[in-house]
Amino acid sequence: MTTGYPLLRSLQISFYNWSVVPTQVSKFIGLDNYIRALGDEQFWTGMVNAAVYLLLTVPATVAIGLFFATLLHARMPARALFRVLFYIPVVTSWVVVSLLFKYLFTTNDGAVNWFLTDFLHLTSESIPWLEQRWTALIAISALGVWKSVGWCLVVFLAALSGVREELYEAAALDGANAWQRFLHVTVPGIRGTLLFVLVLQVIGAFNVFPSVLLMTNGGPAGSTEVPLTYMYKQAFSFLDFGYGSAMSFILAIFIFVISFLQFRFFGEKKEVGS
Amino acid sequence: MKRTAVLLPAVALAIAMGLSGCDIGGSAAPAADVEQLAPGADVTGSIIFWHGYGEDGAEVKTLTDVVIPAFEKLHPGVTVTPVQIPPGDMHQKLVTAAAAGSLPDIIRADIVTVPELAKLGTLVPLSQAMPDFQDFADTMYPGPLETNRYGDDYWGLPLDTNTKVVIYSEQGLEADGLDAVPATLDELKDAAENSKDGTYAFAEGGAGGWNLLPYIWSNGGDITDPDYTTADGYLNGPKSVEAIQMLVDLYKDGKLPGIILGGTGTGTWDGVPSGEYVSMVDGPWAMPVLQGAHPEVDFKTAPMFSGDGGSIGVVGGEDLVLTSQSENKPLAAEFLRYMLSKDAQLAMGEVGQLSAQSTLADDMSNLQPYYADFLTQLETAKPRPVTPQWAKIDDIFAKQIQLAFQGTISVQDALDEAVAQIDPLLAQG
Chain A
16 MTTGYPLLRS LQISFYNWSV VPTQVSKFIG LDNYIRALGD EQFWTGMVNA AVYLLLTVPA
76 TVAIGLFFAT LLHARMPARA LFRVLFYIPV VTSWVVVSLL FKYLFTTNDG AVNWFLTDFL
136 HLTSESIPWL EQRWTALIAI SALGVWKSVG WCLVVFLAAL SGVREELYEA AALDGANAWQ
196 RFLHVTVPGI RGTLLFVLVL QVIGAFNVFP SVLLMTNGGP AGSTEVPLTY MYKQAFSFLD
256 FGYGSAMSFI LAIFIFVISF LQFRFFGEKK EVGS
Chain B
181 MKRTAVLLPA VALAIAMGLS GCDIGGSAAP AADVEQLAPG ADVTGSIIFW HGYGEDGAEV
241 KTLTDVVIPA FEKLHPGVTV TPVQIPPGDM HQKLVTAAAA GSLPDIIRAD IVTVPELAKL
301 GTLVPLSQAM PDFQDFADTM YPGPLETNRY GDDYWGLPLD TNTKVVIYSE QGLEADGLDA
361 VPATLDELKD AAENSKDGTY AFAEGGAGGW NLLPYIWSNG GDITDPDYTT ADGYLNGPKS
421 VEAIQMLVDL YKDGKLPGII LGGTGTGTWD GVPSGEYVSM VDGPWAMPVL QGAHPEVDFK
481 TAPMFSGDGG SIGVVGGEDL VLTSQSENKP LAAEFLRYML SKDAQLAMGE VGQLSAQSTL
541 ADDMSNLQPY YADFLTQLET AKPRPVTPQW AKIDDIFAKQ IQLAFQGTIS VQDALDEAVA
601 QIDPLLAQG
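So the sequence lines, in the order shown, correspond to chains A and B.
The first sequence runs 16 to 289 under our numbering.
The second sequence runs 181 to 609 under our numbering.
This list has only true hints and no planted wrong ones.
Footprint (simulated), chain B over chain A, 3 or more residues, beta carbon under 8 Å:
#1 39-47
#2 114-126
#3 234-248
#4 251-260
Which chain A residues face chain B? A few, computed with CB under 7 Å, are given here:
#5 Val35
#6 Val36
#7 Pro143
#8 Glu146
I should point out that these hints are in silico values taken from the structure, not numbers from a laboratory.
Where is the CB? At the ideal position from N, CA and C, for every residue including glycine.
Model the full structure from these sequences, guided by the hints.
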């Protein structure tokens with residue numbers, strides 16, 4: 016009931032020119048909201064931005080998370096401390112860190128520009144990070160990676176402890192070096208978890224919201240809008256709940272298909288070699 | 181098996197709901213005659229008052245410790261329960277409450293939300309319900325009063341108002357080698373083009389209507405016709421284009437800071453005190469904050485830069501509205517009258533709330549000398565188009581102007597496109 020009702024209700028709303036107030040007529044318009052979304056340039060800009068965000072964040076997050084998980088899995092001093100340090104970004108508030116990153120990427124006095132110009136001398140001009148589409152997406156993605164690496168790391172750590180020690184010993188006896196052991200023992204051993212993390216990260220990338228809302232609010236000129244900020248604006252700023260709902264269903268179907276494909280291509284292969 | 185068990189009824193229901201294709205809602209009884217709310221009625225009971233006064237400031241304290249107790253003393257036995265809602269959450273809160281039928285009795289609403297709430301049918305048409313409406317209306321500055329008009333009625337009365345003027349400092353003028361702050365748009369352009377390296381004659385923190393309409397109006401342009409039915413020939417007219425073109429040219433020459441694109445950079449409240457920006461256009465709330473933070477700087481005000489259209493500011497502020505859901509409208513109306521009384525207006529004036537009643541201008545200036553320039557500006561200040569579609573229109577306006585700033589399209593093309601998108605919205609009313 017608790018998940019079903021809101022879901023069905025918003026499905027219903029998506030077929031209407033919905034009026035917020037129940038005393039006013041909500042006009043049935045069939046698939047008009049869906050057709051409008053499919054032809055809405057701004058919606059597709061949002062989808063492309065989400066896809067770019069996905070490419071910039073997901074591989075990096077998974078790679079960094081897996082790298083440090085492997086390091087921390089080995090017996091090393093202050094392991095617990097490092098685990099906590101990596102997990103801190105995960106539990107911090109999106110609002111606080113989004114504003115923090117916004118200041119880091121400030122054009123004139125931001126720390127990132129200072130680092131690039133005055134410290135590394137890579138460029139003499141300050142980069143207007145949040146004032147153009149691609150640089151803004153890089154800044155937003157940097158926050159995304161920083162925020163989710165810890166979560167990936169913890170999940171990978173749990174998975175790593177499930178890989179049998181004997182396999183490593185056997186591989187070592189066969190003369191495999193560290194990289195080969197990682198590739199042929201660790202990766203197959205955590206394949207299930209890897210897929211799980213990948214699917215959730217991809218879903219998360221398409222649902223990126225507070226960081227964009229707070230760092231650029233979709234601007235300038237709608238160029239950094241992502242699906243959720245655009246839907247939110249349609250529903251809560253413009254009271255166009257029908258249109259917002261229709262877009263959310265298009266996005267949901269899209270994510271469902273992507274996730275399905277991921278399972279299809281990466282999921283069932285572990286039986287093959289065994 | 182399990183999946184189909186869930187999916188089948190869901191799909192069936194969706195088809196039943198969706199494809200049945202009937203309109204829903206609108207079940208309320210047809211609007212009865214508007215309940216008359218005569219002044220001086222015998223009031224009892226209690227009401228709830230939503231407002232967005234600054235939580236930690238003196239405003240809430242004055243409201244709860246001075247204004248409401250005084251009203252309750254005048255009408256023994258009645259209770260007014262104020263509920264503070266952070267201004268950023270107000271719109272969403274109002275929408276949710278309107279949908280759920282749980283609006284309070286009386287609201288201090290941002291001026292731009294009044295036509296939207298009126299269109300939703302959630303407000304009492306005060307010009308019909310209050311026999312003394314015109315008496316109040318006559319005391320108000322025209323700009324703030326206009327923000328309450330939707331259709332043939334007025335749905336609220338201005339509780340407080342503000343507008344923006346030029347704010348600068350002597351130190352800033354000196355740093356940029358200027359004798360005086362620019363008075364006209366031409367002088368502004370001149371000063372901006374000749375400003376020293378590292379300083380700017382002025383800065384704007386955004387490209388929405390709140391920021392840029394004063395430049396368009398002062399230059400003699402407009403955004404729509406006076407009845408908000410079309411933007412064609414107004415927003416894309418020569419005077420509007422010229423005003424935006426001037427800003428775009430300055431931006432491209434590096435003479436207008438990039439914060440106008442909503443990105444990051446020195447904010448105006450930091451740039452003006454430091455002398456990086458000679459001037460900014462901002463509201464009365466900036467003055468106490470700036471003076472408090474930078475006691476060594478002498479902040480001054482001047483009228484909005486003038487042009488062929490005069491010196492025209494943009495109206496801000498809040499209106500008081502009564503909800504049609506209220507079960508105690510006589511008390512809510514009586515409280516509204518008290519909030520507009522001289523006592524309450526002066527009490528709130530002491531903590532920074534400018535009265536929208538031109539009849540109280542002298543009293544207001546006596547409270548705070550810096551109010552004077554804002555009050556003069558208010559005499560001609562205009563509201564952003566008073567239409568339920570404003571949020572969408574503002575979004576289109578800002579987006580097209582940002583594209584022009586980025587150089588993607590010309591100013592004329594940007595404003596033509598904006599008009600093409602805005603006119604269908606205005607047609608919906």
